[in-house]
Amino acid sequence: MSAQDTVLVVGAGPAGLSAAATIASMGKKAVIVEKEDILGGAPIISGYAKLVPSGEWAKDAIGRMVSRVEGDGNISIHKSAKVTQVAGEAGNFTATLSNGDKVEAGAIILGTGFTHFDSINKPEWGFGTYEDVLTTTQMEQMVTAGQIRCPSDGRVPERVAILLCVGSRDRQIGREWCSKICCTVSTNLAMEIKEISPSTDVFIYYMDIRTFGLYEDKFYWKSQEEFKTKFVKARIAEVTKSPDGRLLVKGEDTLVKRPIVIPMDIVVHAIGMDPNALNPEISRTFGIGLEKHGFIDRAEQYTNSQGTTRKGIYVCGAATGPEDIDSSIAQGQAAGARAVADLYGQQKIAS
Amino acid sequence: MSDNSTQQGVAGHGAFFQDTNLSANEAEAATAWVRSHVDRRTMDLGERMDDIRDHMWELEKEGEIIVHRLTDQHKPVEVDTLYGWKKRIPTNQFWHHKSCGQCGNIPGYPTSILWFMNKFGMDYLDETDQTSCTAWNYHGSGIGNVESLAAVFLRNFHQAYVSGKQHGFENGHFYPLVHCGTSFGNYKEIRKYLIESAELREKVKKILGKLGRLVDGKIVIPEEVVHYSEWLHVMRNRIASELQVMDMSNIRVTVHAACHYYKMVQEDAVYDNTVLGGNRTAVGTSVAQALGAQVIDYSTWYDCCGFGFRHIISEREFTRSFTMNRKIKVAREEANADVMVGIDTGCITTMDKNQWIGKAHDMNYSIPIVADVQLAALACGADPFKIVQLQWHASPCEDLVEKMGISWDKAKADFQDYLKQVEQGNVEYLYNPELATNQNINMKAGA
Amino acid sequence: MATYAEMREMFDEIRADFRYDHELNGCLNCGICTATCPSAQFYDYSPREIVQLLWTENVEQIYDAMQEKIWACAQCMTCAARCPFKNSPGGLVMIMREVSIRHGMQSAKDVLRPFGRVMLKLITTGNQLSPDMIQPDHFPDWGPNIQKVEGDLRILRKAIPVRTLQTVETAWEVSLKTSVEMYTIWEMTGVLKSLETMDENLFDVIEDFIDEKREDYEDWLESQNDKD
Numbered sequence: 001m002s003a004q005d006t007v008l009v010v011g012a013g014p015a016g017l018s019a020a021a022t023i024a025s026m027g028k029k030a031v032i033v034e035k036e037d038i039l040g041g042a043p044i045i046s047g048y049a050k051l052v053p054s055g056e057w058a059k060d061a062i063g064r065m066v067s068r069v070e071g072d073g074n075i076s077i078h079k080s081a082k083v084t085q086v087a088g089e090a091g092n093f094t095a096t097l098s099n100g101d102k103v104e105a106g107a108i109i110l111g112t113g114f115t116h117f118d119s120i121n122k123p124e125w126g127f128g129t130y131e132d133v134l135t136t137t138q139m140e141q142m143v144t145a146g147q148i149r150c151p152s153d154g155r156v157p158e159r160v161a162i163l164l165c166v167g168s169r170d171r172q173i174g175r176e177w178c179s180k181i182c183c184t185v186s187t188n189l190a191m192e193i194k195e196i197s198p199s200t201d202v203f204i205y206y207m208d209i210r211t212f213g214l215y216e217d218k219f220y221w222k223s224q225e226e227f228k229t230k231f232v233k234a235r236i237a238e239v240t241k242s243p244d245g246r247l248l249v250k251g252e253d254t255l256v257k258r259p260i261v262i263p264m265d266i267v268v269h270a271i272g273m274d275p276n277a278l279n280p281e282i283s284r285t286f287g288i289g290l291e292k293h294g295f296i297d298r299a300e301q302y303t304n305s306q307g308t309t310r311k312g313i314y315v316c317g318a319a320t321g322p323e324d325i326d327s328s329i330a331q332g333q334a335a336g337a338r339a340v341a342d343l344y345g346q347q348k349i350a351s
Numbered sequence: 001m002s003d004n005s006t007q008q009g010v011a012g013h014g015a016f017f018q019d020t021n022l023s024a025n026e027a028e029a030a031t032a033w034v035r036s037h038v039d040r041r042t043m044d045l046g047e048r049m050d051d052i053r054d055h056m057w058e059l060e061k062e063g064e065i066i067v068h069r070l071t072d073q074h075k076p077v078e079v080d081t082l083y084g085w086k087k088r089i090p091t092n093q094f095w096h097h098k099s100c101g102q103c104g105n106i107p108g109y110p111t112s113i114l115w116f117m118n119k120f121g122m123d124y125l126d127e128t129d130q131t132s133c134t135a136w137n138y139h140g141s142g143i144g145n146v147e148s149l150a151a152v153f154l155r156n157f158h159q160a161y162v163s164g165k166q167h168g169f170e171n172g173h174f175y176p177l178v179h180c181g182t183s184f185g186n187y188k189e190i191r192k193y194l195i196e197s198a199e200l201r202e203k204v205k206k207i208l209g210k211l212g213r214l215v216d217g218k219i220v221i222p223e224e225v226v227h228y229s230e231w232l233h234v235m236r237n238r239i240a241s242e243l244q245v246m247d248m249s250n251i252r253v254t255v256h257a258a259c260h261y262y263k264m265v266q267e268d269a270v271y272d273n274t275v276l277g278g279n280r281t282a283v284g285t286s287v288a289q290a291l292g293a294q295v296i297d298y299s300t301w302y303d304c305c306g307f308g309f310r311h312i313i314s315e316r317e318f319t320r321s322f323t324m325n326r327k328i329k330v331a332r333e334e335a336n337a338d339v340m341v342g343i344d345t346g347c348i349t350t351m352d353k354n355q356w357i358g359k360a361h362d363m364n365y366s367i368p369i370v371a372d373v374q375l376a377a378l379a380c381g382a383d384p385f386k387i388v389q390l391q392w393h394a395s396p397c398e399d400l401v402e403k404m405g406i407s408w409d410k411a412k413a414d415f416q417d418y419l420k421q422v423e424q425g426n427v428e429y430l431y432n433p434e435l436a437t438n439q440n441i442n443m444k445a446g447a
Numbered sequence: 001m002a003t004y005a006e007m008r009e010m011f012d013e014i015r016a017d018f019r020y021d022h023e024l025n026g027c028l029n030c031g032i033c034t035a036t037c038p039s040a041q042f043y044d045y046s047p048r049e050i051v052q053l054l055w056t057e058n059v060e061q062i063y064d065a066m067q068e069k070i071w072a073c074a075q076c077m078t079c080a081a082r083c084p085f086k087n088s089p090g091g092l093v094m095i096m097r098e099v100s101i102r103h104g105m106q107s108a109k110d111v112l113r114p115f116g117r118v119m120l121k122l123i124t125t126g127n128q129l130s131p132d133m134i135q136p137d138h139f140p141d142w143g144p145n146i147q148k149v150e151g152d153l154r155i156l157r158k159a160i161p162v163r164t165l166q167t168v169e170t171a172w173e174v175s176l177k178t179s180v181e182m183y184t185i186w187e188m189t190g191v192l193k194s195l196e197t198m199d200e201n202l203f204d205v206i207e208d209f210i211d212e213k214r215e216d217y218e219d220w221l222e223s224q225n226d227k228d
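Residue numbers (my numbering), protein chains in the order written: chain S, 1 to 351; chain X, 1 to 447; chain D, 1 to 228.
Hint data in this document are derived by calculation from the structure and do not stem from the laboratory.
Among the hints, a few may not be true.
DSS-like mimics (lysine-lysine), calculated; alpha carbons at most 27 Å apart, straight line [to be verified]: (1) X:210 / D:121; (2) S:180 / S:50; (3) X:205 / D:177.
Produce the complete structure using the sequences and hints provided.
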């Protein structure tokens with residue numbers, strides 16, 4: 001593989017898989033380096049259920065993306081490997097992998113993704129103290145299993161609370177961004193819960209509802225009209241345990257203007273997207289900059305889209321900031337195209 | 001319904017609620033993340049969270065202030081705070097910063113602290129040259145301002161800094177230990193304002209200059225503001241292993257953590273991964289656990305006690321309604337606790353004094369109220385009257401004492417005998433009383 | 001009833017406090033402050049409302065809130081601990097209280113009148129509640145059982161094995177020099193001025209007391225000089 005033929009793609013989540021497929025479809029070679037031992041990124045590793053907005057099972061949808069690259073002769077894959085060193089420059093990089101291999105590439109694409117917010121960083125909301133406090137990813141696993149049950153005693157919950165913005169929009173824990181897709185994921189989850197367990201009512205506690213674009217009626221309105229989801233504009237202060245064994249959420253119903261303490265059987269944290277915990281390492285290894293929240297910094301988007309602070313290295317997907325899967329896939333294609341243009345030596349960046 | 005895929009992977013976040021049929025090793029691997037506590041609140045927050053102490057050291061470098069340092073002589077012990085930052089707690093050579101409410105109506109509170117220090121052979125100075133922090137008044141009446149609070153803070157901590165000199169020691173010999181939660185929260189906040197505002201520093205420097213309380217023309221700021229409950233927390237294992245004589249395993253304890261301890265300047269409060277999983281502040285609870293007592297959770301753990309600073313004195317319906325409904329009743333009915341333990345003056349006063357009145361509202365709940373250090377002292381055999389001074393508690397502490405196997409009546413009778421001695425002028429002291437008042441005594445010379 | 005200009009002036013004074021920008025960054029109207037506020041459970045009070053009024057610069061309603069509402073706050077600071085914007089509604093209430101007192105608002109005087117019983121003790125000794133105030137007749141609703149050993153208060157306090165605590169009229173024994181230092185701080189920072197605005201009679205009594213103490217201190221200093 002010569003450098004002029006090859007693009008190194010780091011990360012095999014939706015963004016990286018999309019980038020690799022794009023590169024191959026344009027007649028060039030892609031080398032994927034993935035640090036886990038399975039491909040697919042967060043939707044596969046964290047066991048997502050049905051994706052939004054398509055409603056397809058993650059295993060099927062992302063699974064198709066994985067099969068597409070696995071079967072492709074122009075794409076080689078290194079699993080359980082990381083890039084430990086990068087030498088050279090745009091047009092001529094040499095990357096050393098943790099498994100000892102070296103990859104020569106004319107361009108590099110980072111699809112290194114994000115890390116789920118860990119709710120132990122928000123202990124007053126009960127995660128880690130009470131068994132019936134879960135995260136959305138855990139709830140997705142329950143949906144996959146087809147049963148909605150309280151982890152503590154297996155009973156069917158009458159009332160499920162979903163707390164939005166856990167690990168997002170919160171200066172108390174240094175996370176002042178919005179994680180973009182959790183509103184849509186949460187409203188979707190509310191509908192799935194109701195579908196699986198018709199006797200369960202779902203309450204969503206929010207500061208704002210950001211089911212953007214065409215998601216508004218598909219998710220926010222539909223979850224109310226067809227699935228009777230209740231929305232309360234209240235950010236919950238604390239989750240404690242009631243004498244009868246249920247959980248108590250304490251908030252102020254800001255529209256009715258009254259403090260509330262409501263018993264719930266399950267409390268779900270709609271966790272946000274943190275920058276990848278390995279970003280400081282990635283920044284050092286690839287010689288690229290991070291922006292102030294800790295995500296990978298982007299070049300100007302107008303004529304240098306998907307560029308990083310280093311020429312020849314591109315970034316796509318949730319590595320740059322909270323991102324939904326569809327957009328990550330689109331960005332992966334964009335990065336793929338930029339990289340291939342490098343290989344043809346055809347770049348034109350406005351000065 | 002899809003097939004139950006077991007591709008749970010490495011990024012899973014917790015309990016799996018279906019039989020996984022994993023081998024012991026596989027199960028261990030799957031749940032090891034729970035034990036790793038990696039990056040709990042130490043996750044690289046970069047510039048997103050600011051530690052005021054960094055700025056404090058800068059100021060000292062610039063010659064703006066003097067920092068009263070913790071040295072090896074103070075035998076500091078490291079603890080974690082909310083974001084995983086480190087805090088150092090002195091364990092020797094203290095200057096006691098007393099609490100109005102404790103000294104006035106819960107005298108067993110500071111007495112128990114000094115009693116423990118005697119047991120451990122720790123050096124300390126307790127003297128008359130200390131003013132109230134004035135924060136109770138500030139939060140209660142509003143007849144005060146940041147300047148007055150700041151001047152008082154610097155005045156007291158200056159005295160702490162120079163107090164060793166009169167006894168033949170160097171500046172900084174005795175390190176201030178703050179007894180009251182209100183003082184603690186207040187001093188944390190004021191220290192932050194002083195470090196952040198050059199304007200405030202200028203204003204108070206003039207005042208301190210007039211009082212003769214500058215060192216080389218500079219204000220003195222402590223490296224750490226330390227609450228006594230943090231000291232008790234780092235001493236808890238020694239207390240349990242060296243001094244404890246009573247079995248506490250049948251004592252059900254609920255803990256009330258003071259708002260001004262952990263909610264004010266939140267980043268500066270002790271959190272410990274081995275106490276409540278690091279999910280709630282460790283002080284108070286850690287001591288009860290170390291003593292082997294049963295610590296019971298309750299639904300209103302995070303609630304304020306209702307002290308209100310002003311309300312407890314002049315709007316008492318609020319204080320007593322709140323404390324009875326949200327703390328006393330809950331501790332009794334929900335947790336069936338034998339004692340509610342607090343770590344602060346105001347909370348103890350509120351919860352202790354507002355039970356009797358409940359009868360007027362058909363709320364017949366009562367529960368003994370003591371401070372963590374008082375409970376620990378009892379467990380170590382301290383006299384309930386002479387040292388723990390439970391005779392000043394309105395709540396039924398006699399019930400707690402009896403349950404611990406101590407005879408309240410006998411202790412009372414002994415104490416009454418002692419009172420006769422006191423009348424004769426035969427008073428026992430925890431430290432040489434001259435040290436409190438006589439500026440001419442030299443501690444170092446072995447007074 | 002104040003004029004709009006007067007109300008505006010008070011609002012400007014609140015805003016000019018150096019803590020204001022720290023404690024009010026904006027508001028997402030999430031309600032977490034009111035959720036956790038003990039006073040919101042008991043009074044018609046909401047820290048979120050206070051923040052919204054300040055943020056939207058609603059001068060008249062801010063003035064209204066300064067009548068009674070701001071005195072409902074229990075100063076627990078749970079609001080500041082929870083706010084995702086890192087505001088401090090409790091801190092803002094403190095600023096509003098200070099401004100209300102400096103302007104001698106009648107509502108402040110009314111609210112603080114019952115607190116006056118401790119103000120004298122407070123300003124002169126720095127302590128809020130002294131042992132001689134913890135008697136059944138002082139706070140009858142604390143019950144008759146607040147002292148479980150009968151006897152002379154002086155003796156009972158003498159039985160505390162800590163020298164500084166063997167007092168009856170103050171929480172601990174404070175040296176004369178220390179008291180005088182505190183008075184100097186009260187004076188130089190305008191606290192005595194605020195007190196005068198709130199309660200002239202009390203202020204007069206306190207002033208006399210302070211003057212007396214200062215004289216005592218001067219005398220003592222002289223006697224020290226004589227000794228040398």
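Hint-by-hint comparison with the structure:
The suggested pairing of residue 210 (chain X) with residue 121 (chain D) holds, with an alpha-carbon distance near 25 Å, which does not exceed 27 Å. Restraint check: the Cα-Cα separation between residue 180 (chain S) and residue 50 (chain S) comes to about 17 Å, which is no more than 27 Å; the hinted pair holds. Simply put, residue 205 (chain X) and residue 177 (chain D) have alpha-carbon atoms about 19 Å apart, close enough for the 27 Å limit, and the pair holds.
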